[in-house]
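Asker: Could you slot chain B onto chain A? The hints should help.
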Amino acid sequence: MTTALKSAPKNPPAQISADTLPASGAWATDARADAAGRLADMGLPTRRDEYWKWTKPDSLISAQPDPAEAFDYGSEAPIFDPIDRVKIVFVDGVFDADASDPLDGEGLEIERLADAAARDIHWAKDLYGVLEARGQTPVVRPLAAYNTAMATDGVVIRVTGQVNRPVSIIYRHEDDTSDAVLHHVIRVEEGAKLTLLENGAAAARFSDVTEVDVADGGEFHHIRAQGRCHDRQAITHMFARLAAASVFKSFTMTVNGKLTRNECVLELLGDEGVAHVAGAALGDGADDEFHHDDTVFVTHDAVACESRQVFKKVLKNGAKGVFQGKILVKADAQKTDGYQKSQSLLLDEDASFQAKPELEIYADDVICSHGSTSGAIDEDALFYLRSRGVPPHIATDLLVLAFLADAIEEIEDDVIADEVTARLDGWLARHRG
Amino acid sequence: MAGMDKMNVKEGVEEETVEAVKSLAGTYKYGWETDIEMEYAPKGLNRDIVRLISEKNEEPEWMTEWRLGAFARWEKMVEPEWAMLDYPEIDFQDQYYYARPKSMEVKPKSLDEVDPKLLATYEKLGIPLKEQMILAGVEGAEDVPAEGRKVAVDAVFDSVSVGTTFQAELKKAGVIFCSISDAIRDHPELVKKYLGSVVPVSDNYYATLNSAVFSDGSFVYIPPNTRCPMELSTYFRINAENTGQFERTLIIADKGSYVSYLEGCTAPQRDTAQLHAAVVEIIVEEDAEVKYSTVQNWFPGDENGKGGIYNFVTKRADCRGDRSKVMWTQVETGSAVTWKYPSCLLRGNESQGEFYSIAITNNHQQADTGTKMVHLGRDTKSRIVSKGISAGVAQNTYRGLVSMHPKAKNSRNFTQCDSLLIGDKCGAHTVPYIEVKNNSSRVEHEATTSKVDEEQMFYCRQRGMDEEEAVALIVNGFAKDVLQALPMEFAMEAQQLVAISLEGSVG
Chain A
285 MTTALKSAPK NPPAQISADT LPASGAWATD ARADAAGRLA DMGLPTRRDE
335 YWKWTKPDSL ISAQPDPAEA FDYGSEAPIF DPIDRVKIVF VDGVFDADAS
385 DPLDGEGLEI ERLADAAARD IHWAKDLYGV LEARGQTPVV RPLAAYNTAM
435 ATDGVVIRVT GQVNRPVSII YRHEDDTSDA VLHHVIRVEE GAKLTLLENG
485 AAAARFSDVT EVDVADGGEF HHIRAQGRCH DRQAITHMFA RLAAASVFKS
535 FTMTVNGKLT RNECVLELLG DEGVAHVAGA ALGDGADDEF HHDDTVFVTH
585 DAVACESRQV FKKVLKNGAK GVFQGKILVK ADAQKTDGYQ KSQSLLLDED
635 ASFQAKPELE IYADDVICSH GSTSGAIDED ALFYLRSRGV PPHIATDLLV
685 LAFLADAIEE IEDDVIADEV TARLDGWLAR HRG
Chain B
690 MAGMDKMNVK EGVEEETVEA VKSLAGTYKY GWETDIEMEY APKGLNRDIV
740 RLISEKNEEP EWMTEWRLGA FARWEKMVEP EWAMLDYPEI DFQDQYYYAR
790 PKSMEVKPKS LDEVDPKLLA TYEKLGIPLK EQMILAGVEG AEDVPAEGRK
840 VAVDAVFDSV SVGTTFQAEL KKAGVIFCSI SDAIRDHPEL VKKYLGSVVP
890 VSDNYYATLN SAVFSDGSFV YIPPNTRCPM ELSTYFRINA ENTGQFERTL
940 IIADKGSYVS YLEGCTAPQR DTAQLHAAVV EIIVEEDAEV KYSTVQNWFP
990 GDENGKGGIY NFVTKRADCR GDRSKVMWTQ VETGSAVTWK YPSCLLRGNE
1040 SQGEFYSIAI TNNHQQADTG TKMVHLGRDT KSRIVSKGIS AGVAQNTYRG
1090 LVSMHPKAKN SRNFTQCDSL LIGDKCGAHT VPYIEVKNNS SRVEHEATTS
1140 KVDEEQMFYC RQRGMDEEEA VALIVNGFAK DVLQALPMEF AMEAQQLVAI
1190 SLEGSVG
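Residue numbers (my numbering), protein chains in the order written: chain A, 285 to 717; chain B, 690 to 1196.
Keep in mind the hints are simulated off the structure, nothing from the lab.
Mixed in with the good hints there might be a few duds.
Unchecked claim - What follows is a set of in silico ranges between Cβ atoms, one per label pair, in the way DEER data are often shown:
no.: 1; chain 1: A; residue 1: Asp664; chain 2: B; residue 2: Glu858; range: 48 to 54 Å
no.: 2; chain 1: A; residue 1: Tyr357; chain 2: B; residue 2: Glu768; range: 51 to 57 Å
no.: 3; chain 1: B; residue 1: Pro769; chain 2: A; residue 2: Gly710; range: 44 to 50 Å
no.: 4; chain 1: A; residue 1: Asp404; chain 2: B; residue 2: Pro769; range: 48 to 54 Å
no.: 5; chain 1: A; residue 1: Asp410; chain 2: B; residue 2: Met766; range: 44 to 50 Å
To be verified - Chain A residues, not near chain B, derived (Cβ > 12 Å throughout):
no.: 6; residue: Trp311
no.: 7; residue: Ile367
no.: 8; residue: Asp380
no.: 9; residue: Arg403
no.: 10; residue: Asp460
no.: 11; residue: Asp572
no.: 12; residue: Ser671
no.: 13; residue: Ile692
no.: 14; residue: Asp698
no.: 15; residue: Leu712
Said to hold, decoys possible - Capping the alpha-carbon separation at 27 Å, the derived lysine-lysine pairs in DSSO-like fashion look like this:
no.: 16; chain 1: B; residue 1: Lys765; chain 2: A; residue 2: Lys337
no.: 17; chain 1: B; residue 1: Lys1061; chain 2: A; residue 2: Lys337
no.: 18; chain 1: B; residue 1: Lys1070; chain 2: B; residue 2: Lys980
no.: 19; chain 1: B; residue 1: Lys944; chain 2: A; residue 2: Lys337
no.: 20; chain 1: A; residue 1: Lys337; chain 2: B; residue 2: Lys1096
no.: 21; chain 1: A; residue 1: Lys340; chain 2: B; residue 2: Lys1061
no.: 22; chain 1: B; residue 1: Lys732; chain 2: B; residue 2: Lys765
no.: 23; chain 1: B; residue 1: Lys839; chain 2: A; residue 2: Lys619
no.: 24; chain 1: B; residue 1: Lys995; chain 2: A; residue 2: Lys614
no.: 25; chain 1: A; residue 1: Lys340; chain 2: B; residue 2: Lys1096
no.: 26; chain 1: B; residue 1: Lys839; chain 2: B; residue 2: Lys813
no.: 27; chain 1: B; residue 1: Lys765; chain 2: B; residue 2: Lys1061
no.: 28; chain 1: B; residue 1: Lys860; chain 2: B; residue 2: Lys944
no.: 29; chain 1: B; residue 1: Lys745; chain 2: B; residue 2: Lys765
no.: 30; chain 1: B; residue 1: Lys1098; chain 2: A; residue 2: Lys337
no.: 31; chain 1: A; residue 1: Lys614; chain 2: B; residue 2: Lys1114
Each residue gets a CB set at the ideal place from its N, CA and C atoms; glycine is no exception.
One chain only, chain A, in its complex shape (with noise of 0.2 Å):
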């Protein structure tokens, strides 16, 4: 049932040597030359396994990436433009320090990681790749374990108080043929609270893991726009560790993107902690492919927890949605809160989506519970806006929008989310009839 670690990979990944890995200080060397290991031993993914049978992983391991040609935004302005707050720019995967801001603020140490790597003691030590290797069990991400052998730079966040200006990494892509491998380490200590956003397209071909530990009643809110480039290809990777009373909120937005997967892990380990995990995905297939897939696996560990799921798809064109999501409620983890709602609106006959959202409970005090439906926009609602003078177009994004709106809901900034909401209705406009 669930894919464990093979002796003899299926698909063995080309051989990383020592001297193929990014050079580092000494921690950074063992946890990279650990992740080879890790990655050696599982073996690159292939359509035959188990979460993998519904995205073709080939595009994403190929020796080079596809090519990508840079968006031109034109006039309009980037996602979270209006936002105050500190910005930290990475263009193909490389750090541009005259377009960021100077990484520091009250009550935060901001780090880049080919710094915090280069150095013989750090204690992202403790994080970088552990979190990774946690997640591998009991179904393994390869892709992860290769970014945390290979990962060029990123950022290495400790956040020791409220924080109140929220931390944005901007991805740029301008290189037709980048292939960026970024890995963030993140550390909320106790009572301390970050908001991280990140847009942009990053790369032809972007790999991106991001390890978050959130210690006893911190808060990590992440708020991510992907897509816009719609030639690009992601696969990103989110590990979180939360401890007790701990707040975990994450909400990705995804217009367009010929391929993208976002894999979240997480893991409640202290009581009444609360992780929450949202997705709003728009895809139109006109112009080339769109397939977008969540993967999401959140374990309870701990008494009373609440968690989450809610990824909402609106699809045309031959768009291609996945959701595969999982929650494992361990024998101990009593009182446990769990919610999982996978839904997609199908707006033409080509679409298609394909879901398994899966329960796995060993604890008999728990409300659990999955919903997962597919289907065309309501034509009684349709009519119904219709007979009171509302135009078919608007009719049906007012529709679309009222689809997206549970998931919306969970970003808990509203600034934030008019700006999100503001840039589906522009999704919407750009891809009417």
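Answerer: Same frame as chain A, now just chain B:
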């Protein structure tokens, strides 16, 4: 079920539910053994054994070749590991693949000639092999007016069919109901045409094994525009030790026909696990309807998990014709290990598939069961209602597939699967696969008491019920749906389950 007395049952689970599960899984009533002289094929599995089974059944050459072809494929296959089941490796060479009571060596011409020991066995199981007005001997049935209801029974004992009742009366209606070995001899044209057409020889590991070594089973043919005059039933009994039972059932419902088919099964209580790998194929032509109901009550193993039946079953219905309909109802209470996914291929336009299941696991039982609804024709409908109940240290998994193909326009699926855990040492799991490839179809998958139909809730609330009462009413209504889908004969047995409410259930 000493274990459950000490178990901490969560608040909110009704006493009645616990009692009902206890009484069901308490003592295995059918664990006795018939002392009868048996004749075995040598232990192990090879081409010679396959030939021997074919010879014993006096089969024509084409059938022998078919089996050998299956065996050759099986040898190249690997046992699947994806189910959430954990059992010691099965030594397929340490089994008997054919066991027949000595007295069956010369096939009895009528039920009067059958060994009285065998007849007594079925009598004791509550399945009298007599042509009389019967309600298949189910406990409590005497309270129900029989009103001339008849059930024809095909009784399978280890590897052979002992006899089939009411054959003459069925023949008058044009219905063929006999053992599959008789059908291979007497109706080769039908068997050749349909055998393996729904579950191909190489479908999966256990089905391929079954294709090579099946020894007997039932065959049903309902001619066009015929309503089968009585319910048909097969009762499977495993008696011999270290012997696998591999039965094959083939049901063909021709255009406009109707049949209700019941299946029951039991086995003696033993310390060693025994293998059961069956295949059921159903062909449903235009406007035909088949109801297939099972109460699976194989020996589940003792409370320490010793012994029990390993039950690997492939059941599939092919709704070939337009407006054809199939309904699977199963009450799964037995077996140490259950691996079973009764499926519907909805090929015909406007065809319908339904799956109602209650799976109860206790002690060390493990069940990985569910259904597949494959929508291929337009305007097809399917409904899945599955209730899993786990107690002791048992594991209960619902695994299902709903697939809407691009041509299955305007199709509809509704899935509801609930689980209940009694005690804190067991597990309940849900693994649904949903694949939607057109947008005019609607697929809904739900799994919680709090997500009951809002209109129904509103209706109840409006009439003054509080929320809890309303939910209880609606959910109980749902559980009864499964039970009411059972024919009278099984409903009696399943009535013990009606008390089970799904309060506190998890998806």
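Asker: Does the no-contact call for Trp311 of chain A survive, Cβ to all of chain B over 12 Å?
Answerer: 38 Å, holds
Asker: Between Lys340 of chain A and Lys1096 of chain B, does the CA-CA distance stay at or below 27 Å?
Answerer: Holds, at about 24 Å.
Asker: Please settle this one: Asp572 of chain A was flagged as non-interface, so is its CB more than 12 Å from every CB on chain B?
Answerer: 19 Å, holds
Asker: Is Lys745 of chain B within 27 Å of Lys765 of chain B, Cα to Cα?
Answerer: Given pair Lys745 of chain B, Lys765 of chain B holds - Cα atoms ~26 Å apart, limit 27 Å.
Asker: The hint says 48 to 54 Å between Asp664 of chain A and Glu858 of chain B; measuring C-beta to C-beta, is that right?
Answerer: The hint (48 to 54 Å, Cβ to Cβ) holds, given that Asp664 of chain A and Glu858 of chain B are roughly 52 Å apart.
Asker: Verify this label for me: Asp380 of chain A is non-interface relative to chain B, using a Cβ-Cβ cutoff of 12 Å.
Answerer: 43 Å, holds
Asker: Hey, Lys765 of chain B versus Lys337 of chain A, does the alpha-carbon distance stay inside 27 Å?
Answerer: Roughly 23 Å separates the two Cα atoms, so the pair holds.
Asker: Given a hinted range of 48 to 54 Å, is it respected by the beta-carbon distance of Asp404 of chain A and Pro769 of chain B?
Answerer: 49 Å, holds
Asker: Taking C-beta pairs only, is Leu712 of chain A more than 12 Å away from all of chain B?
Answerer: 17 Å, holds
Asker: Given the proposed pairing of Lys995 of chain B with Lys614 of chain A, does the C-alpha separation stay at or below 27 Å?
Answerer: This hinted pair holds, its Cα atoms lying about 26 Å apart.
Asker: Taken at face value, is the distance from the CA of Lys337 of chain A to the CA of Lys1061 of chain B at most 27 Å?
Answerer: Holds: Lys1061 of chain B and Lys337 of chain A sit about 17 Å apart, inside 27 Å.
Asker: Assuming the hint says 44 to 50 Å, is it satisfied by the Cβ distance from Asp410 of chain A to Met766 of chain B or not?
Answerer: Once the Cβ atoms are compared, 46 Å apart, the range 44 to 50 Å for Met766 of chain B and Asp410 of chain A holds.
In this structure, the hints that do not hold are numbers 19, 23, in rising order.
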